[in-house]
Every structure is written in C-alpha cells, then in structure tokens.
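Asks: Chain by chain, the residues run as shown.
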Amino acid sequence: MKLVTAVVKPEQADNVKKALNKIGIQGLTMSDVKGYGRQKGHTEFYRGSEYEVAFLPKTKLEIATSSKKLKAVLEAIQKAAKTGNIGDGKIFVTSLTEVIRIRTGEKGEKAL
Amino acid sequence: MKLVTAVVKPEQADNVKKALNKIGIQGLTMSDVKGYGRQKGHTEFYRGSEYEVAFLPKTKLEIATSSKKLKAVLEAIQKAAKTGNIGDGKIFVTSLTEVIRIRTGEKGEKAL
Amino acid sequence: MKLVTAVVKPEQADNVKKALNKIGIQGLTMSDVKGYGRQKGHTEFYRGSEYEVAFLPKTKLEIATSSKKLKAVLEAIQKAAKTGNIGDGKIFVTSLTEVIRIRTGEKGEKAL
Amino acid sequence: MKIFNRLLILAVVLFQTTTVFAADAPKPVLNPGDTAWMLTSTALVLLMTIPGLALFYGGLVGKKNLVSTLSQSFMITAVVTITWYVCGYSLAFMDGAKGGFIGSTSRVLLKGIGIGDLNTTIPETVFFCYQLTFAIITVALICGSIVERISFKALFFFITIWSIVVYAPVAHMVWGNGYLNTLGVLDYAGGTVVHINSGIAALVLCLVLGKRKAKVKPHNVGYTMIGASLLWVGWFGFNAGSAVAANGNAGMAMLVTQLATAVAAATWMIIEWLTGENKPSLVGMCSGAVAGLVAITPASGFVGPSGAFFIGLAAGIVCYLTSAKLKNAIGYDDALDVFGVHCCGGILGAILTGVFAVKAIGGTAGALEGNVAQIKLQLIGVVLTLVYSGVMTYVVIKVVGLFTSIRATDAEEREGLDLAHHGETIA
Amino acid sequence: MKIFNRLLILAVVLFQTTTVFAADAPKPVLNPGDTAWMLTSTALVLLMTIPGLALFYGGLVGKKNLVSTLSQSFMITAVVTITWYVCGYSLAFMDGAKGGFIGSTSRVLLKGIGIGDLNTTIPETVFFCYQLTFAIITVALICGSIVERISFKALFFFITIWSIVVYAPVAHMVWGNGYLNTLGVLDYAGGTVVHINSGIAALVLCLVLGKRKAKVKPHNVGYTMIGASLLWVGWFGFNAGSAVAANGNAGMAMLVTQLATAVAAATWMIIEWLTGENKPSLVGMCSGAVAGLVAITPASGFVGPSGAFFIGLAAGIVCYLTSAKLKNAIGYDDALDVFGVHCCGGILGAILTGVFAVKAIGGTAGALEGNVAQIKLQLIGVVLTLVYSGVMTYVVIKVVGLFTSIRATDAEEREGLDLAHHGETIA
Amino acid sequence: MKIFNRLLILAVVLFQTTTVFAADAPKPVLNPGDTAWMLTSTALVLLMTIPGLALFYGGLVGKKNLVSTLSQSFMITAVVTITWYVCGYSLAFMDGAKGGFIGSTSRVLLKGIGIGDLNTTIPETVFFCYQLTFAIITVALICGSIVERISFKALFFFITIWSIVVYAPVAHMVWGNGYLNTLGVLDYAGGTVVHINSGIAALVLCLVLGKRKAKVKPHNVGYTMIGASLLWVGWFGFNAGSAVAANGNAGMAMLVTQLATAVAAATWMIIEWLTGENKPSLVGMCSGAVAGLVAITPASGFVGPSGAFFIGLAAGIVCYLTSAKLKNAIGYDDALDVFGVHCCGGILGAILTGVFAVKAIGGTAGALEGNVAQIKLQLIGVVLTLVYSGVMTYVVIKVVGLFTSIRATDAEEREGLDLAHHGETIA
Ligand SMILES: Nc1ncnc2c1ncn2[C@@H]1O[C@H](COP(=O)(O)OP(=O)(O)O)[C@@H](O)[C@H]1O
Ligand SMILES: Nc1ncnc2c1ncn2[C@@H]1O[C@H](COP(=O)(O)OP(=O)(O)O)[C@@H](O)[C@H]1O
Ligand SMILES: Nc1ncnc2c1ncn2[C@@H]1O[C@H](COP(=O)(O)OP(=O)(O)O)[C@@H](O)[C@H]1O
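As they're listed, the protein sequences go chains A, B, C, D, E and F.
First residue of the first sequence? That's 0 in numbering that gives the first Met the number 0, and the numbers climb one at a time after it.
First residue of the second sequence? That's 0 in numbering that gives the first Met the number 0, and the numbers climb one at a time after it.
First residue of the third sequence? That's 0 in numbering that gives the first Met the number 0, and the numbers climb one at a time after it.
First residue of the fourth sequence? That's 0 in numbering that gives the first Met the number 0, and the numbers climb one at a time after it.
First residue of the fifth sequence? That's 0 in numbering that gives the first Met the number 0, and the numbers climb one at a time after it.
First residue of the sixth sequence? That's 0 in numbering that gives the first Met the number 0, and the numbers climb one at a time after it.
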C-alpha cells in the first residue's frame with residue numbers, strides 16, 4: 000500500500016477530489032499548508048515596512064491507496080491539479096507498512 | 000522505527016493522548032486536518048445558496064516510535080479513538096529511516 | 000529520495016528556511032502543528048477554571064530531497080533549529096518511492 | 000434672594016408645562032434634551048445586547064458554538080421585541096392595582112399610542128423602546144449559563160413565555176406602581192429586575208439542563224473584550240439613561256457607574272495577580288468590569304462617588320469568589336457565570352444601595368445616613384425576586400420540556416450547536 | 000442686572016416655545032436638544048457604514064477578499080465625504096427650480112457656511128454631516144453585488160462620479176425641493192433615495208461585471224452578525240434621526256423601526272426553520288433584520304405600530320423570496336443580495352408606506368385611511384428612481400470602463416483581491 | 000410681534016454670552032440639550048479606547064500579543080479612572096494660580112461634588128466623566144510604541160504615575176487656568192494635551208525599551224479597520240464634544256473633523272497607490288484617517304471647511320512621511336507609529352491651527368487672517384509640551400525601572416506576552 004501526498008494549489012483541490020472520486024477513491028485527508036518552490040512568495044508593505052511572506056498557501060492531500068490503484072491515482076491527481084503555471088505542486092509517494100480502520104479494526108487493503 | 004499517523008475524531012484526541020502516555024509514549028505531534036471517507040460532509044445553506052462542505056474536521060496525530068513498541072501504540076490508539084461510529088478514522092504506518100533530536104543531536108531510538 | 004520532516008520551534012522556522020536555501024534546497028512545505036515531548040504544555044485559568052493546554056505550537060517543515068543531499072539537509076536543519084533548550088524538536092526521515100512535479104510531469108530527482 | 004431663585008425655577012417648570020398644551024394642565028411637556036438623551040440611551044442599551052453581550056458570551060464558548068451563542072442574543076432581540084409589543088410593556092408599565100403584582104392591559108398591542116403621548120418629559124414611544132432594551136438584555140443574559148447545550152427550539156419557546164410571565168411582573172413590581180415600588184425598595188436601573196432576575200433564572204436552567212459533556216477554554220478572548228467594552232460603554236445608557244432625563248442625576252449616575260466599574264475591574268485583576276497563577280488575565284479584567292457594572296446598577300441613582308468606590312471594590316471581590324471559587328466548589332455548570340456575576344453581583348448591589356444611598360442624590364437615605372431600615376426593604380426586594388423568578392423559571396422550562404426536548408442530543412453537543420442547530424460553521 | 004438675566008432665562012424658554020409654533024415666526028432658532036440628537040444620529044449613521052456595513056459584507060465573502068471588502072466601505076467613506084463637500088450637498092439640498100431635478104450650486108465647497116446657519120432647529124453644519132452619512136452608506140451598499148471581482152481602481156472612479164450624478168439628483172428630487180417631493184411622494188428616511196437607488200445600481204453593476212468564477216461560503220458569520228447588529232442600532236439614527244428633531248416623531252420612528260426589524264428577522268428565521276434545511280440560520284436572521292430595516296425606512300415617519308408589524312412581516316417574506324429564490328432562479332450574481340434585500344425591500348416599503356400611512360402621525364393618510372392615490376404617487380417615485388439610477392449607473396460604469404478595466408483579472412480573482420489590489424492578507 | 004421675536008433672538012444670544020463671561024452673571028443653568036450631547040460624547044470617547052484603540056492596535060501586532068495589547072487599553076481604562084477620581088481631575092481642572100502649572104486639590108476624591116454642580120451648562124459630574132475619557136485615551140495611545148515587549152507590571156506602575164504627574168499638569172496648562180491657556184495657545188480638543196503629549200512619551204519609552212526582537216506583520220487587518228472606524232466615529236464626541244454644548248460650534252467641529260479625516264485618508268491612500276508597491280492598503284487608509292483626526296483635533300473649533308481640507312491634506316502627506324519613511328530612516332522601533340502619527344500629526348495640527356483659525360468661528364484669528372503671532376503662540380505650546388512630557392516620561396519610566404524590570408524577558412517576548420503576562424492565548 001502507498002501513501003500519496005499531493006501538495007496542490009488550493010483552488011484546484013476540489014477538482015482533485017472529484018477526479019479521485021471518479022476513479023473510486025473514497026477517502027481522503029486534507030490540510031492547509033504553505034510552501035514555496037519555483038513559485039516564490041511576495042512582500043507586503045505596512046506603513047513603509049516590508050514583510051516578506053515567503054510561503055504561499057497550498058493544500059495538502061493525503062490518500063492511502065493500494066499499490067494497484069497507485070498509477071490511476073497519480074494520473075488523476077496530475078490531470079486535475081495541473082494548470083500549467085508554476086506552483087502547481089508536487090506529488091510524493093511513500094510506502095505504507097500498515098493501515099488500520101479504527102472503527103472495525105480491519106487491516107491492510109480492506110481498511111482503505 | 001516507525002511513524003504512526005492516526006487520523007481521528009477531534010473529540011477523541013485527548014483520549015488517545017492519555018492512552019499513549021500510559022504506555023510510555025512521551026512525544027506527539029498533532030495537527031488539524033479535514034477528511035472524508037465513509038462519513039461524508041454536509042451542506043450549508045446561506046440565503047438559499049447551497050455550499051457543500053465535503054470535509055469533516057479531524058485530528059491527525061503523528062507518533063514516531065520504536066518498532067518494538069509499535070503494537071502497543073496501535074492498540075492504544077485503536078482503543079482510545081474508537082466510538083464505533085463511522086468516521087472514527089484510520090491509522091497509517093510508515094517506516095522511518097532516521098530520527099534526530101535537534102537539541103542533542105541524538106539519533107535513532109535514543110532520539111524518540 | 001528522502002522526505003525529511005522537521006518539527007521545530009516556530010521562531011526558528013525562518014532560520015531553517017534560510018539555511019536550506021543556502022545549501023540549494025529550493026522547495027519546502029510548511030504547516031502549523033502542535034506537539035509535546037520533553038517540553039510540556041501549560042495550564043490556563045479562566046475565572047478559576049483550569050484548562051490544560053497540553054500541546055505547544057510547532058512548525059512542521061517537509062523537504063523532499065535526493066538521498067545525496069540528505070546529509071547536508073539534516074545538518075543544516077539541526078544547526079539552524081537548535082537553541083539548546085528543550086522543545087527544539089525532531090527530524091524524521093522516510094523514503095520516497097516517487098516524486099512528481101505536477102506542472103511538467105517530471106518524475107524522480109528531476110522533480111525535486 | 001434664594002426664594003426668588005426658587006420662584007424662577009418654578010416659573011420655568013410651570014412654563015414648560017403650560018405652553019404647549021396651554022390651559023393649566025399639569026401634564027408634563029416634552030423636553031428635547033431629555034428626549035435626545037433617551038433616544039441615545041435606547042441605542043446604547045440595544046448595543047449592549049447586539050453585538051455587546053453576544054460577543055462577550057461568544058468569545059467565551061468553544062469555536063463550534065459561536066454561531067449558536069450569537070444567534071441566541073439575536074433571536075432574543077427579535078422575539079422579545081414582539082412579546083413586549085404584544086403585551087409585555089403594558090403588563091409591566093401600565094398602572095395596575097396599586098401595590099400589586101402586574102400592570103394593566105391598556106396598552107396591549109400599543110393600542111392608542113400616539114406621537115403626542117408623553118412619559119414624564121419624553122415621548123411614550125421612546126420610553127417603550129428604552130424599556131424594551133432592558134427586557135431584551137435581561138432575557139439574553141440568561142443564556143450564559145446554558146450555552147453549548149440548550150436546544151435552540153426550546154430556548155425560543157422558553158424566552159417567549161418567560162419574557163411575559165417573569166420579566167413583566169418583576170418589572171412592574173419594582174418600576175411600575177407594583178408591590179416593591181410602593182414598599183420603597185430602591186432599584187435605579189435594574190439590580191433586581193435585570194440582574195438578580197436573569198441570574199437566578201440562569202442558575203435554575205443550568206441545574207435543570209445538567210452539565211456540558213466537555214468544557215473547552217474560551218475560544219476568542221478578543222471577542223470577549225470587545226463585548227465587555229461595548230457593555231461598559233452601553234451601560235451609560237443603562238444607568239445614566241435611567242434618570243429618564245439629561246440632568247444632574249444622569250450625570251451622577253454616569254460618574255458612579257464609571258468609577259465602580261473601574262474599581263471592580265482593577266480589583267479582580269489584582270486578586271488574580273496576587274493569587275492563583277499570578278497573572279492578571281484579560282478575561283478577569285473584563286469579568287471584574289461587568290461585576291462592577293452589575294453591582295452599581297441598582298445604586299447608580301442613589302449613591303455618590305465614595306459609595307461607588309466601595310461598591311466596586313466589594314463587587315470585584317465577591318463576584319470573583321462566587322465565579323472562580325464557589326461554582327467550582329459546588330459544581331453546577333453555570334457556563335459563563337451568570338449566577339456568579341449577575342445574581343450575586345445584583346444582590347450585593349441591592350443591599351449596598353441600602354447602605355450607601357445618599358438623600359441629597361436620590362432622595363432616599365441609606366444605612367450610613369441612619370436609615371437602616373432601607374437594608375431590610377432591599378432584602379425584601381432581593382428575596383421576592385429570587386423566589387418568584389426561580390420558581391417560575393422552573394415551571395416555564397418544565398412546561399416547555401413537555402413539548403420539546405430542552406437539551407441538545409449528545410451527538411449535537413459533540414458536533415457543536417452551530418452546525419447542529421443552525422447549519423452554519425465558522426471555517 | 001441679575002434680575003435682567005433671570006428675565007432672560009424666562010424669555011429664552013418662552014421664546015423657544017413661541018418660535019416653533021407661532022404662525023409668523025421668524026427664522027427658527029437653534030434647539031440644543033434637537034442638535035444633540037442630530038449630532039448623535041450622524042455618529043450612528045456613520046457607524047452603520049464603518050464598521051457596520053463593512054463587517055456585514057466582509058463576513059459574507061471569502062477570506063481572501065475580506066480586506067478588499069472592508070477597504071471598499073472605508074474608501075467610499077473618505078471619497079464621498081469629499082464629493083459631498085465639493086458639490087454633492089449643494090446639488091442635493093440647495094433650492095433649485097421648484098419641482099426640478101437638481102439643486103443649486105450655492106453651497107459648492109460649502110461656501111459661506113457659518114456656525115450660525117441653521118436648518119430648521121439645528122446647525123446647517125450638522126445637517127450637512129447627517130446627510131453626508133446617507134450619501135456614504137448608499138454608495139457603500141452598492142458594493143455588495145460586486146465584491147470579490149470589481150477592480151478597486153474602477154470602483155474608485157465609479158463611486159466618485161456616481162455620488163454626484165446619481166445620488167445628488169435623486170436626493171434632491173425626493174428630499175430637496177425637487178420633482179418627487181413636490182409631487183407628494185413619501186420617503187421618510189430613504190427607501191427610494193438610499194435603498195432602491197443603491198439596489199438597482201447594484202443589480203446593473205453585477206450584470207455588467209458578470210459572475211464570480213467561484214462562490215465560497217461566508218467565511219466569518221461572526222463579522223456578519225456584528226455588522227447586522229451595528230446596522231440595527233445605527234438605523235435608529237437613520238430613521239429616528241430623519242425627524243431632524245428630538246420629538247414625538249423621532250420616538251415613533253424609533254418604535255416602528257424596532258418593531259418592523261424584529262418581525263422581519265423572526266419571519267425570515269421561521270421561514271428557514273419550517274422549510275429548506277429546517278434550520279434557523281444566523282445569516283438568515285441577520286438578513287431578515289436588514290430586510291425589515293430597509294422596508295420600514297420610507298415608512299418610518301408615517302406609520303404606526305400595526306403598520307410596522309405588517310411591513311416587517313411582508314419584508315421578511317418578500318426579501319427571503321427575492322434573495323434565496325428569485326436570484327438563484329434567474330441566475331445573476333448579486334453576491335450579497337443588494338438587489339434582493341435593498342431594492343426589493345425598498346420598493347416594498349415605498350408601496351406599503353402608501354398603504355399604512357397614518358395622518359395623525361406623519362400628516363399624510365395612506366390607502367387604509369382612504370387615500371388610495373398615495374400608492375400611485377409612491378409607484379411614481381419607485382419607477383422614476385429605478386429608471387434614472389439604473390440607466391445612469393450603466394452609463395457611468397461604461398464610461399469608467401473606457402479608461403480602466405472594471406473587473407479584476409482571473410488571476411487576481413483566484414488569488415483574492417486582498418493581495419491583488421491591496422497587497423495585504425489576513426494570516 | 001416679529002420685532003419682539005427678533006429681540007428675543009438677540010436676547011438669547013446675548014444671554015448665552017453673558018452668562019459665561021459676565022462678572023456678575025448668575026450661576027449658569029443646566030441645559031438638557033447640551034447635557035444630552037455631553038453624556039453621549041462621553042460614551043463616544045470611551046468607545047474610542049475600548050474597544051476602538053485596543054482593536055486598532057491589536058490588529059497591528061502579532062497574534063501572540065493580541066491579548067496583551069487589548070489588556071493594556073482595558074487596564075488603563077480602569078486605572079486612569081481611579082487616578083482621575085483620586086486627584087487627576089482636581090489637579091487638571093480646579094483653579095490653581097492663574098497662569099500656573101497645576102490646579103488645586105479642592106476636588107481630590109471628588110469631595111463635595113453634588114448633582115447640582117454645573118460646569119457651564121452641564122453637570123460637573125458629566126464634565127468629570129467627559130474629561131476622564133480624554134485622560135484614558137491619552138495614556139492608552141502611548142502603548143502603541145512599546146507593544147510586544149513592555150512588562151505589564153511596569154506599564155501598570157508607569158501609567159498610574161504618568162496620568163497624574165504628566166497628564167494632569169499638561170491638561171491644566173492648556174485647558175485649565177494654566178500657563179498656556181492664559182497665554183492664548185489654541186488647542187480645541189487635545190492636539191497638545193492628547194496627541195503631542197502621548198506621542199512624545201511614546202517615543203521616549205520606545206527608545207528606553209529598545210527594539211523588538213522580531214517584527215511581524217499585522218496579524219488582523221480586520222481588527223485594525225474596526226478600530227479605526229470606531230476611532231473615527233468616536234472622534235465626533237472628542238472634537239464636537241469639546242464645544243461642551245450642542246450648538247453651532249459643535250456642528251462646525253463635527254464638519255471639519257469629518258472633512259479633514261476623509262481628505263487625509265484619501266491622501267495617504269493615493270500616495271501609496273502612486274508610489275511604493277502601487278497598492279492602496281487598508282492599513283494605509285486607516286492610518287491616514289487617524290492622521291487626519293489627530294491633525295484636526297486642535298483646530299476643530301477654530302477653522303472652517305477649507306482650513307480643514309488643507310489640514311487633512313497636510314496630515315496625510317506629513318504623517319505618511321514620518322511613519323513610513325522617517326522611522327525606517329532613523330531606526331527607532333515605534334511599533335505602531337504613535338510618534339509618527341500622533342506627535343507629528345499633533346504638532347502639524349497645532350501649527351496649522353495658528354494658520355487657518357477663523358475669527359468668526361472660534362473667536363481667534365489665525366495667520367491667514369493676519370494674526371501671524373498666533374503661530375508663535377502655538378509653537379510655544381508645542382515645545383513646552385514636548386519638553387515637559389518628554390523629560391518627565393523619561394524620569395517616570397526610570398523610576399519605575401528601579402523597582403521592576405520594564406521589559407519582558409527574551410523568552411517572554413518569544414513566547415508572546417499573551418501567555419507570558421496574562422496566561423491566555425488566542426487559539
Ligand atoms: N523539495 C520540496 N519538498 C517539499 N515540498 C516541495 C518541494 N518543492 C516544492 N514543494 C511544494 O510544492 C509547491 C509547488 O512547488 P513549485 O516549485 O512552486 O511549483 P512547480 O512544481 O509547479 O514548479 C511548493 O509551494 C511547495 O509546497
Ligand atoms: N484512503 C484514505 N486516505 C487518507 N485518509 C483517509 C482515507 N480514508 C479515510 N481517511 C481519513 O479517515 C477519516 C475517517 O474515515 P471514514 O471512512 O469516514 O471512517 P471509518 O474509517 O470509520 O469508516 C476520513 O475523514 C479521512 O480523514
Ligand atoms: N515521538 C514523537 N513522535 C512525534 N513527534 C514528536 C515525538 N517526540 C517529540 N515530538 C515533537 O517534537 C517536539 C519537540 O520535542 P521535545 O521532546 O519537547 O523537545 P526535545 O527534542 O528538545 O527534547 C514536540 O513538541 C513534538 O511536536
């Protein structure tokens with residue numbers, strides 16, 4: 000099983016969610032994060048003082064999925080999150096050694 | 000060493016924390032996330048306009064632990080987080096290749 | 000490739016960011032988290048009622064990096080985040096099986 | 000020479016009475032200055048409830064109950080306006096049997112009211128609105144003890160009934176030509192009518208409802224501070240407005256209000272500073288200020304600066320003890336200390352009014368000027384209000400409970416009343 | 000000498016009474032009570048815009064457009080003050096041709112104004128300020144339909160022009176010696192001048208601008224509640240202040256305002272409770288209150304309590320339908336329902352003024368008292384305002400559009416106007 | 000009959016003049032209209048500090064210092080009320096040696112004050128409260144330069160002393176029968192007493208305290224906008240209230256206040272728009288408005304609309320330069336620009352009062368009407384205040400520093416003063 004972590008533009012998050020739904024992904028954890036990469040932050044001025052705001056708002060989506068579905072998940076995210084502008088974000092994949100559904104105690108792929 | 004990530008109901012977080020304390024876990028990182036799975040979000044109405052709020056508030060707990068203690072940790076979380084209703088959440092386990100305590104530079108299990 | 004997750008004191012985050020920049024790390028994802036370890040929370044009083052605030056504000060930094068650069072990254076973080084007081088934080092390292100840049104579809108180290 | 004002066008004053012007054020309506024009618028004439036102040040006071044007292052009290056309370060609850068807490072004050076403002084229009088005002092302020100319990104129905108639905116009707120020197124319409132704002136805030140205050148768990152529906156029915164069967168009679172007895180007024184009980188701006196009345200109702204309700212599942216710390220101390228500030232500022236309308244004129248009595252009422260409030264805020268702050276966590280908290284200062292405002296309320300037209308100083312001091316100490324110590328010792332869940340601050344502060348103020356009243360200010364001497372009997376009168380007012388309001392509150396909530404569940408379900412409470420009862424969330 | 004002074008006191012009092020009522024009275028004399036109330040009313044109405052309306056609107060937009068929304072109200076307050084000073088006031092309130100369309104230029108740049116100049120019984124300076132606050136809020140109201148996408152620069156130019164070429168003439172026609180006033184159209188506090196005027200302008204603007212890329216749910220219902228509360232409280236200055244005196248008319252205006260608002264808030268709440276999601280929302284109650292305030296505005300000096308009750312009831316129902324149903328059915332993106340609440344509520348109020356007006360209160364009878372013709376007059380006022388303001392708004396925005404882009408770019412809209420137009424973000 | 004009426008008008012005017020100035024005039028009589036306006040003004044000026052200034056400042060600091068910043072204003076409101084009651088009022092406003100430095104102790108603890116005592120046409124109690132609100136805001140303004148690092152304990156002692164040994168004498172010299180007043184220095188509503196006084200104290204304090212460890216951007220521009228709005232609205236009580244009457248002077252003061260504020264806000268906005276980041280910021284508009292309010296304060300009873308226009312323009316430009324440029328160039332850490340806006344704006348206003356004063360408005364001509372000497376007088380007022388307040392502030396803080404540490408520790412500063420000094424956090 001894999002944990003797919005996608006950092007995307009906040010305004011694309013809904014799109015990604017829908018795309019994942021379509022390919023049968025039924026669970027998702029989301030959080031507000033900030034980041035920078037090629038796309039840098041900006042400077043704000045308050046009464047002449049500069050404040051560098053280095054980080055831009057991004058949305059982090061975490062999806063635990065079976066290795067089998069991984070490819071479909073990655074493709075769905077890429078398609079749905081892409082605007083073609085810098086700052087579109089990244090996808091990171093790590094291996095999961097275990098997944099447990101708390102309510103039932105189910106483990107592994109059944110728990111997804 | 001393992002990184003245990005538990006996504007639980009916010010109102011159960013305190014319980015989980017206490018249960019982990021009891022089995023000797025002394026460090027924990029928490030964050031507010033949103034998620035959905037079996038348990039879906041809801042719709043809010045403002046002057047007749049519908050706004051779908053797809054994600055529910057959840058609490059994410061991250062615990063780095065030795066592989067030895069893993070089983071105890073998983074059990075403690077499951078017991079403390081379980082209400083039996085949908086939305087109780089999931090536990091994800093990944094492998095840690097290294098842990099460092101910044102203050103002392105200690106590495107590995109000593110750093111936990 | 001590795002995913003380095005550092006949980007540091009909020010006031011040191013900027014320092015860490017700069018140190019990473021210096022060694023050529025050009026991307027970073029940040030989020031506000033709360034945690035405790037050796038350094039415990041505090042109690043607040045409102046009209047004589049005690050409220051335990053167990054968790055302290057921390058900043059989580061996530062950096063995906065090539066295994067080659069890992070050592071430099073770890074050192075940079077340790078140096079920049081360290082104040083010598085408890086609560087300085089931890090670094091966790093996990094393996095990344097894949098990284099994708101959404102905008103271009105580049106994969107692996109090219110995507111970093 | 001003095002006599003001449005007095006004649007002139009008389010002349011002025013007489014004159015003002017005679018001109019407009021001519022004849023030798025003793026009916027008072029409208030005074031634009033007094034009217035201006037009462038229009039303003041009405042705005043100030045409404046400001047105390049929305050958004051003042053709403054924010055004061057809203058900041059102290061958990062985030063998932065903010066909308067719910069704000070909604071309570073807002074809904075009450077709307078509903079009590081309607082019950083006041085329908086019959087509350089008439090039952091409270093129209094003359095009933097002298098020394099009685101309730102007023103007459105002569106102004107039900109405001110029948111017959113016109114732009115020429117006066118109450119002393121201001122239009123009756125303004126008096127209606129001004130008194131309405133008191134009815135509103137009294138009812139809104141109650142909610143502080145039952146936030147985070149009361150059913151919005153039950154609250155809706157409860158306050159509709161309570162505003163008529165509890166508020167109107169108590170107001171009549173104290174401020175109309177009712178029992179306590181005839182007896183000589185002093186309550187300038189609502190120590191009994193507003194604070195003891197709402198405070199005891201709040202206690203009864205929180206006992207009937209039971210404790211919250213979980214207590215969370217105040218989610219937004221900033222809102223609480225805004226609310227406390229608006230209460231403070233608005234209270235000038237509450238107390239100085241109770242002179243129903245822009246004169247020396249209003250001025251003195253404003254002065255003693257400001258002084259007692261400041262002293263109580265400083266006192267609470269210093270107690271916290273020197274005890275407990277050794278830190279002066281903002282919530283503590285705000286609580287002290289409200290305690291001072293409450294305690295000076297019944298006294299505000301009767302005492303002078305030094306009386307105000309001591310009332311403020313006593314309020315800071317007593318309300319700190321009742322809120323921060325007594326409640327935790329006994330263990331009822333009066334969430335936002337309506338009993339501790341408003342009921343106890345109101346009782347304290349009612350009694351101290353009997354102690355510090357100055358004849359030259361409000362026309363009645365207090366114990367310090369030799370009239371010890373006034374304290375007894377004050378106690379009668381306190382006890383009667385406690386008993387009547389306490390019992391009736393119990394009856395009303397039980398009646399409402401026959402028709403609808405009065406408490407949110409466990410699931411609703413966990414989820415937060417914002418989403419459960421209003422379908423709205425603060426992101 | 001002392002006696003002379005005393006006689007003078009008497010004279011003063013005598014004089015104040017005689018001037019107002021005497022048939023051949025000379026120029027009216029300043030009345031401190033009236034002046035006190037109008038100074039206060041000015042403060043209250045300014046409070047309605049900043050921070051009242053700013054927060055009401057600000058809470059309803061997305062978080063990334065909060066600064067932008069607050070800035071609009073603040074900028075308008077500054078700019079309209081200047082246009083009002085330069086020529087707006089003169090064009091609106093200085094006598095032009097009787098029954099005409101626009102006033103004179105005699106007070107351009109306030110030339111010649113002194114501390115002794117009066118308007119009825121208050122200083123002209125106060126009248127200038129009071130009327131200014133109406134001009135400000137009218138312009139600020141418009142923004143509700145175009146938030147989250149209007150260019151700040153275009154808005155700046157638009158409102159500078161609009162406040163002169165639309166607001167001033169409409170105010171003159173209704174409240175100056177202009178056409179609608181001469182005709183006998185009733186608009187006590189601005190049903191046509193403020194609400195229909197801004198509401199139709201808002202509709203035209205949102206049609207010209209087009210829809211937002213994305214709609215997000217209100218980000219801070221707390222701000223919206225604070226804003227609605229300040230609007231409610233401040234509206235006492237708006238309606239009761241429109242008596243331009245502290246008298247029985249002001250009192251009745253306050254009373255009917257309070258009652259209609261409460262009824263409308265309760266009505267909207269109950270509609271939501273019994274339909275749709277079965278939940279009474281805070282945004283709904285606030286919207287209902289504003290609807291009631293809008294609808295009673297033109298009527299507030301002309302109707303009594305029962306009229307107010309029905310106007311409130313109608314406003315709650317009608318504005319609910321126009322905001323929550325009509326808009327979605329038709330599909331224009333009037334973001335914060337300026338058309339649905341202010342234009343439709345204003346029209347409703349204007350017409351019902353013609354129905355419920357009571358001769359004994361405001362001097363003019365309505366249809367219920369037999370004067371059915373008043374309804375026709377009211378309709379003339381409504382239609383003329385709709386047409387003039389609608390057409391001119393279209394012209395002005397098109398002219399502005401020749402010089403600068405009127406809509407934020409897609410990127411700016413996505414990023415949020417806070418950062419894009421003001422370089423500021425709420426953390 | 001008409002002639003008789005006109006004679007009466009004359010009589011009224013004469014009378015109003017004679018009572019105040021005539022040697023053998025009888026005791027002035029209470030005017031309910033004036034009293035109504037002064038009661039209201041007192042509420043408005045209190046609103047400026049809590050919650051106005053508290054929010055204005057609170058929004059500009061970092062999130063971890065919000066409670067701390069709000070607490071400062073709230074604590075000051077309580078404590079200065081007490082020092083004012085104990086002796087501040089007496090020292091400031093009771094007659095001392097003519098042309099002297101300090102008043103008498105005749106009203107220490109308000110001894111002897113009664114409901115019949117008047118100050119001109121209003122109760123002395125109201126005058127006490129009104130002036131108290133000025134003392135409060137002056138002290139609260141100071142905090143802006145030292146937020147995020149001052150020790151709450153040190154601040155508590157500092158302001159207790161400062162409100163007596165600095166505020167009272169300066170107020171006495173300018174508004175009592177003290178030196179500057181006798182000299183003929185003009186300060187209608189507090190350009191020197193409030194703004195220069197607090198501004199120079201703020202500069203001294205921030206120099207003594209040293210810079211903050213880290214500067215963070217304003218955490219809540221929304222709060223800042225609410226605060227600026229309440230300052231604007233409340234300032235009507237500040238300036239128009241300084242007429243101590245509801246008359247033409249109050250009206251003109253309101254008008255010039257509104258105009259200068261609007262012009263300054265627009266000016267600051269436009270400067271930002273055309274320079275720097277090319278974006279008009281909300282913080283900029285709010286800062287401009289406050290700068291305008293400050294600069295018009297001393298002038299508000301003396302100048303007409305065109306004077307106000309130029310004062311607003313100058314304030315927008317000058318305060319922008321002192322806050323956004325000068326401070327960064329020199330490098331002191333006046334966190335929220337108390338020196339840049341209040342001291343510099345106050346000096347500007349004081350001088351321009353001497354330029355634009357109109358004899359027909361405030362009784363004194365300015366340079367433009369030929370009385371160039373007035374500018375010199377104004378400069379004397381400025382310099383004396385700068386020197387006295389600057390030196391004494393230094394002395395007082397050094398004395399306080401002997402007993403307690405005046406600056407938060409590094410750890411406290413890093414942690415945030417909310418938790419460190421108040422034990423409270425905003426979630
Ligand atoms: N090396 C990295 N480690 C962690 N997060 C990263 C890394 N590089 C980029 N990110 C995240 O991805 C976001 C988008 O990256 P950016 O380089 O701006 O866009 P793009 O991938 O389109 O060039 C960043 O804001 C950051 O949150
Ligand atoms: N595949 C998944 N990947 C990531 N997070 C998930 C996944 N499935 C569920 N979650 C998280 O777990 C939470 C609870 O899941 P849900 O299916 O609602 O409950 P249950 O496990 O009790 O059926 C979700 O809100 C989401 O945050
Ligand atoms: N076992 C753990 N798992 C996850 N996070 C941890 C763990 N231990 C510590 N942390 C995180 O690191 C932060 C600092 O840890 P702490 O023990 O207080 O400091 P130090 O490492 O300097 O002794 C904690 O607040 C928490 O967020």
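No wet-lab data here; the hints were simulated from the structure.
In this text the structure is predicted, and so the values were computed from the model without any measurement.
Here a beta-carbon is modelled for each residue, glycine too, at the ideal position from N, C-alpha and C.
Please note: incorrect hints may appear among the correct ones.
To be verified - Now the in silico label distances, taken between C-beta atoms and shown as ranges:
#, chain 1, residue 1, chain 2, residue 2, range
1, B, Gln25, A, Gly107, 24 to 34 Å
2, F, Tyr331, E, Thr408, 38 to 48 Å
3, C, Lys21, F, Tyr331, 29 to 39 Å
4, A, Gly40, E, Ile160, 50 to 60 Å
Unchecked claim - Dumping the calculated DMTMM-like pairs for lysine to aspartate or glutamate here, alpha-carbon to alpha-carbon at most 20 Å:
#, chain 1, residue 1, chain 2, residue 2
5, F, Lys62, A, Glu49
6, B, Lys106, B, Asp13
7, D, Lys62, C, Glu105
8, F, Lys358, E, Asp116
9, B, Lys17, C, Glu51
10, C, Lys67, B, Asp31
11, E, Lys358, E, Glu368
12, B, Lys39, A, Glu61
13, C, Lys33, B, Glu51
14, A, Lys39, F, Glu276
15, A, Lys78, C, Glu105
Asks: Provide an ascending list of the numbers of those earlier hints which the structure does not satisfy.
Replies: The structure breaks hints 4, 6, 7, 10 and 13; every other hint is satisfied.
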